[in-house]
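A.B. asks: In order, the protein sequence lines correspond to chains A and X.
At the far end of the first sequence sits residue 112, using the working numbering, and the numbering has no gaps.
At the far end of the second sequence sits residue 167, using the working numbering, and the numbering has no gaps.
If you're looking for bench data, these hints aren't it; they were derived computationally from the structure.
Here the structure is a predicted model, which is why all the values come from computation and not from measurement.
Hints may be right or wrong, so weigh each one.
[Said to hold, decoys possible] In the DSS-like style, the derived pairs of lysine-lysine whose C-alpha atoms are separated by at most 30 Å in a straight line are:
#, chain 1, residue 1, chain 2, residue 2
1, X, K101, A, K102
2, A, K97, X, K101
3, A, K97, X, K63
4, X, K101, X, K63
5, A, K102, A, K82
[Claimed, not checked] On the chain A side, residues computed to face chain X include the following (Cβ under 7 Å):
#, residue
6, T4
7, I10
8, G59
9, I62
10, R64
11, F65
12, T66
13, W67
14, G70
15, V77
16, L81
17, V92
18, T94
Quick reminder that beta carbons are idealized off the backbone N, C-alpha and C, glycines included.
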Amino acid sequence: MNPTIGEARIRVPERVTRGEVIVVNAIISHPMNTGFFRDADGQPIPAYFIRDVVVTYGGQEIARFTWTSGVSRDPIVSFTLKADREAPLAMVWTDNKGGVYKQSADIRFASA
Amino acid sequence: MPRPDEPSRRSFLRSALLAAAGMAGSGSLLGAERLLAAPAGPEDPEVPNEEVARILREISGGKPIRRGHLTLDMPLVAEDGRIVPVIIESDLPMTADQYVKAVHLVVDHNPDAHLAAFQLTPAIGSVSISTRIKMKRTTWVRAIAATSTGDVWAAYARVQVTLNGCG
Numbered sequence: 001m002n003p004t005i006g007e008a009r010i011r012v013p014e015r016v017t018r019g020e021v022i023v024v025n026a027i028i029s030h031p032m033n034t035g036f037f038r039d040a041d042g043q044p045i046p047a048y049f050i051r052d053v054v055v056t057y058g059g060q061e062i063a064r065f066t067w068t069s070g071v072s073r074d075p076i077v078s079f080t081l082k083a084d085r086e087a088p089l090a091m092v093w094t095d096n097k098g099g100v101y102k103q104s105a106d107i108r109f110a111s112a
Numbered sequence: 001m002p003r004p005d006e007p008s009r010r011s012f013l014r015s016a017l018l019a020a021a022g023m024a025g026s027g028s029l030l031g032a033e034r035l036l037a038a039p040a041g042p043e044d045p046e047v048p049n050e051e052v053a054r055i056l057r058e059i060s061g062g063k064p065i066r067r068g069h070l071t072l073d074m075p076l077v078a079e080d081g082r083i084v085p086v087i088i089e090s091d092l093p094m095t096a097d098q099y100v101k102a103v104h105l106v107v108d109h110n111p112d113a114h115l116a117a118f119q120l121t122p123a124i125g126s127v128s129i130s131t132r133i134k135m136k137r138t139t140w141v142r143a144i145a146a147t148s149t150g151d152v153w154a155a156y157a158r159v160q161v162t163l164n165g166c167g
């Protein structure tokens, strides 16, 4: 069966050089129902989707995504980050029913 | 508003692809399932209806939408419209005084045509965004970038959809 709704992972490189532009991969478990489908009994399945994603780095907002139910089930997103300091990269996903899901990953520089 | 003034698009596309290939090794979730859509023709796709026209006006703030500085990699054929990979990249600068403020994804014939918006800041270092989307049927997909200096750049891909992913 499906993992728990809102279970999220963020992947960043383990070894980061100061100033490097790294790739951040994030995934969250969510049905992303459009509201256009019916279940096996013919009942409409209500729209249920992530509509807002906020990305912070060291507490400062660096990106914000606005989504619709057109993003695929269990949404993945990848983007870059200029790793100029050791700080947590945090993401908060909010769905249209008020569900709020959080995850973070630490950006650490490789010791020379 | 066709304006095919874009000499370096192919060379940029090639370097963007090389960059993307390098990135796959460092942990892109999309990996090998990505196929490259052919570069769109010289003509911009026609605006199909008033809804898309309204979205484009809203995104551009009335500025001309010019093709260039952005690549949109999507499969030519999406067998399953529920999961269609998208990669948007740009060679535009991401510095404090000049950066891409937002990247929009518009799918012309989807029920919610303005599918996603990505608000960005210079802290992300570059524009390289990937995700997976649903597509109802064969149509044009538009990636549109609005910069801090008021320019609006776009890339287009026509994706053939076999299985409706929107219900």
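A.B. asks: Each hint should be assessed against the structure and marked as holding or not.
C.D. replies: Now for the hints, and whether the structure bears them out:
{"no.": "1", "hint": "X/K101 - A/K102", "result": "holds, 24 Å"}
{"no.": "2", "hint": "A/K97 - X/K101", "result": "holds, 28 Å"}
{"no.": "3", "hint": "A/K97 - X/K63", "result": "violated, 35 Å"}
{"no.": "4", "hint": "X/K101 - X/K63", "result": "holds, 15 Å"}
{"no.": "5", "hint": "A/K102 - A/K82", "result": "holds, 21 Å"}
{"no.": "6", "hint": "T4", "result": "violated, 20 Å"}
{"no.": "7", "hint": "I10", "result": "violated, 11 Å"}
{"no.": "8", "hint": "G59", "result": "violated, 12 Å"}
{"no.": "9", "hint": "I62", "result": "holds, 4 Å"}
{"no.": "10", "hint": "R64", "result": "holds, 4 Å"}
{"no.": "11", "hint": "F65", "result": "holds, 5 Å"}
{"no.": "12", "hint": "T66", "result": "holds, 4 Å"}
{"no.": "13", "hint": "W67", "result": "holds, 5 Å"}
{"no.": "14", "hint": "G70", "result": "holds, 4 Å"}
{"no.": "15", "hint": "V77", "result": "holds, 5 Å"}
{"no.": "16", "hint": "L81", "result": "holds, 6 Å"}
{"no.": "17", "hint": "V92", "result": "violated, 14 Å"}
{"no.": "18", "hint": "T94", "result": "violated, 14 Å"}
In this structure, the hints that do not hold are numbers 3, 6, 7, 8, 17 and 18, in rising order.
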